[in-house]
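Here the protein sequences line up with chains A and B, keeping their order.
Taking the numbering used here, the leading residue of the first sequence gets 1, the next gets one more, and so forth.
Taking the numbering used here, the leading residue of the second sequence gets 116, the next gets one more, and so forth.
FYI, nobody ran anything at the bench for these hints, they're computed from the structure.
Do not rely on the hints blindly, as some may be mistaken.
[To be verified] Calculated lysine-lysine pairs in the DSS-like style (CA-CA distance at most 25 angstroms, straight line):
1. A/K69 <-> A/K49
2. A/K49 <-> B/K118
3. A/K58 <-> B/K118
4. B/K186 <-> B/K118
5. A/K102 <-> B/K185
6. B/K185 <-> B/K133
7. A/K58 <-> A/K69
8. A/K69 <-> A/K102
9. B/K168 <-> A/K102
10. B/K168 <-> B/K133
11. B/K118 <-> A/K102
12. A/K102 <-> B/K170
13. B/K133 <-> B/K186
14. B/K118 <-> B/K168
15. A/K102 <-> B/K172
16. A/K102 <-> A/K49
17. B/K168 <-> B/K186
18. A/K102 <-> B/K186
19. B/K172 <-> B/K185
[Claimed, not checked] Stretches of chain B that chain A covers, calculated by requiring three or more beta carbons in the stretch to come under 8 angstroms of a beta carbon on chain A:
20. 158–164
21. 211–218
[Stated by the list, open to error] Each pair of labels, with its calculated beta carbon distance range:
22. A/E15 <-> B/D174: 33 to 41 angstroms
23. B/S182 <-> A/P40: 27 to 35 angstroms
24. A/S28 <-> B/K186: 30 to 38 angstroms
Given the structure is predicted, the values throughout are model-derived calculations rather than measurements.
The C-beta atom is built at its ideal place from N, Cα and C for all residues, glycine as well.
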Amino acid sequence: AQSVTQLDSQVPVFEEAPVELRCNYSSSVSVYLFWYVQYPNQGLQLLLKYLSGSTLVKGINGFEAEFNKSQTSFHLRKPSVHISDTAEYFCAVIPLNTGFQKLVFGTGTRLLVSP
Amino acid sequence: DVKVTQSSRYLVKRTGEKVFLECVQDMDHENMFWYRQDPGLGLRLIYFSYDVKMKEKGDIPEGYSVSREKKERFSLILESASTNQTSMYLCASSPADRVQETQYFGPGTRLLVL
Chain A
1 AQSVTQLDSQ VPVFEEAPVE LRCNYSSSVS VYLFWYVQYP NQGLQLLLKY LSGSTLVKGI
61 NGFEAEFNKS QTSFHLRKPS VHISDTAEYF CAVIPLNTGF QKLVFGTGTR LLVSP
Chain B
116 DVKVTQSSRY LVKRTGEKVF LECVQDMDHE NMFWYRQDPG LGLRLIYFSY DVKMKEKGDI
176 PEGYSVSREK KERFSLILES ASTNQTSMYL CASSPADRVQ ETQYFGPGTR LLVL
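Turn these sequences into a full structure, and let the hints steer you where they fit.
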């Protein structure tokens with residue numbers, strides 16, 4: 001079975017500061033990795049995903065994430081955040097050996113950007 | 116542009132009522148999903164469907180059923196609503212081509228069971 005851990009339930013940060021949201025996963029098989037974002041009163045939308053190849057993945061809105069297989073991590077970063085980045089961020093995995101798109105989500109990290 | 120719509124944004128029901136949550140997608144996607152989202156628990160999969168009239172249980176199917184009579188519509192049914200089913204319900208869809216396809220989410224239905 002797979003599990004995803006997002007240790008930080010909430011991350012407060014000032015506008016224009018850098019931010020890192022942490023994600024660690026546990027799986028006995030290789031996985032695909034995803035970050036989704038949920039803006040207030042909206043559904044989730046995909047920020048970025050790692051399937052294979054370069055371990056540094058760039059997504060929308062200036063976000064990027066780095067896959068580290070040895071540490072089983074997929075941390076999300078942005079060098080300079082905006083007020084509009086205030087949202088909840090979910091890390092998720094899908095194991096490669098499954099026939100279905102069964103995402104396993106972490107518990108989410110709420111990013112609070114203040115002026 | 117991709118669109119997943121859910122019939123209600125907010126819903127208030129009484130314990131024991133039968134509740135229908137509707138989801139419609141306009142992207143001709145084969146796969147559709149129902150999740151519930153609770154604070155501190157993230158999203159948990161209730162049911163999914165990979166074709167018309169096909170359904171598979173997710174991680175927390177107890178107390179729920181689903182219906183998919185048409186490709187674009189996926190309904191979640193609470194046969195007898197209980198207070199512990201108060202939650203945010205999110206529908207999603209995706210193409211069937213590959214396991215790693217992006218899922219597209221609706222805006223959610225916030226259900227309160229009194």
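Status of each hint after checking the structure:
A threshold of 25 angstroms between alpha carbons decides the hint, and for A/K69 with A/K49 the separation of about 15 angstroms falls inside it, so the pair holds. The straight-line distance between the Cα atoms of A/K49 and B/K118 is roughly 20 angstroms, inside the 25 angstroms bound, and the hint therefore holds. At roughly 24 angstroms between alpha-carbon atoms, A/K58 and B/K118 fall within 25 angstroms of each other, so this suggested pair holds. With a C-alpha separation of about 14 angstroms, the suggested pair B/K186 and B/K118 falls inside the 25 angstroms cut-off, and the hint holds.
The suggested pairing of A/K102 with B/K185 holds, with an alpha-carbon distance near 22 angstroms, which does not exceed 25 angstroms. Simply put, B/K185 and B/K133 have alpha-carbon atoms about 21 angstroms apart, close enough for the 25 angstroms limit, and the pair holds. Simply put, A/K58 and A/K69 have alpha-carbon atoms about 17 angstroms apart, close enough for the 25 angstroms limit, and the pair holds. A threshold of 25 angstroms between alpha carbons decides the hint, and for A/K69 with A/K102 the separation of about 21 angstroms falls inside it, so the pair holds.
Taken as a hint, the B/K168 and A/K102 pair is honoured in the structure, with Cα atoms around 19 angstroms apart against an allowance of 25 angstroms. Under the criterion of a C-alpha separation no larger than 25 angstroms, the hint pairing B/K168 with B/K133 is consistent with the structure, at around 21 angstroms. Our distance criterion of 25 angstroms between C-alpha atoms is met by B/K118 and A/K102, whose separation comes to about 20 angstroms. Proposed proximity of A/K102 and B/K170 is supported: the alpha carbons are some 13 angstroms apart, at most 25 angstroms.
Distance restraint check for B/K133 and B/K186: the Cα-Cα separation of roughly 23 angstroms lies within the 25 angstroms cut-off, and the hinted pair is therefore satisfied. For a cut-off of 25 angstroms, the pair hint linking B/K118 to B/K168 stands: about 22 angstroms separates their Cα positions. For the hint pairing A/K102 with B/K172, the CA-to-CA distance comes to about 11 angstroms; that is within 25 angstroms, so the pair holds. With a C-alpha separation of about 15 angstroms, the suggested pair A/K102 and A/K49 falls inside the 25 angstroms cut-off, and the hint holds.
A hinted pair counts as satisfied when its Cα atoms are at most 25 angstroms apart, and B/K168 with B/K186 qualifies at roughly 9 angstroms. Our distance criterion of 25 angstroms between C-alpha atoms is met by A/K102 and B/K186, whose separation comes to about 19 angstroms. Of the pairs offered as hints, the one joining B/K172 and B/K185 holds, with about 19 angstroms between alpha carbons and a cut-off of 25 angstroms not exceeded. With a cut-off of 8 angstroms between beta carbons, the region 158–164 of chain B has 4 residues touching chain A; three or more are needed, and the interface restraint holds.
With 5 residues having a beta carbon nearer than 8 angstroms to a beta carbon of chain A, the region 211–218 of chain B meets the requirement of three or more and the stated coverage holds. For the pair A/E15 and B/D174, the supplied restraint of 33 to 41 angstroms holds, since their beta-carbon distance comes to about 38 angstroms. Take B/S182 and A/P40: their Cβ atoms lie about 31 angstroms apart, and the range 27 to 35 angstroms holds. For A/S28 and B/K186, the Cβ-Cβ distance of about 35 angstroms falls inside the hinted range of 30 to 38 angstroms, so the restraint holds.
Consistency with the previously given hints is maintained throughout, with no hint failing.
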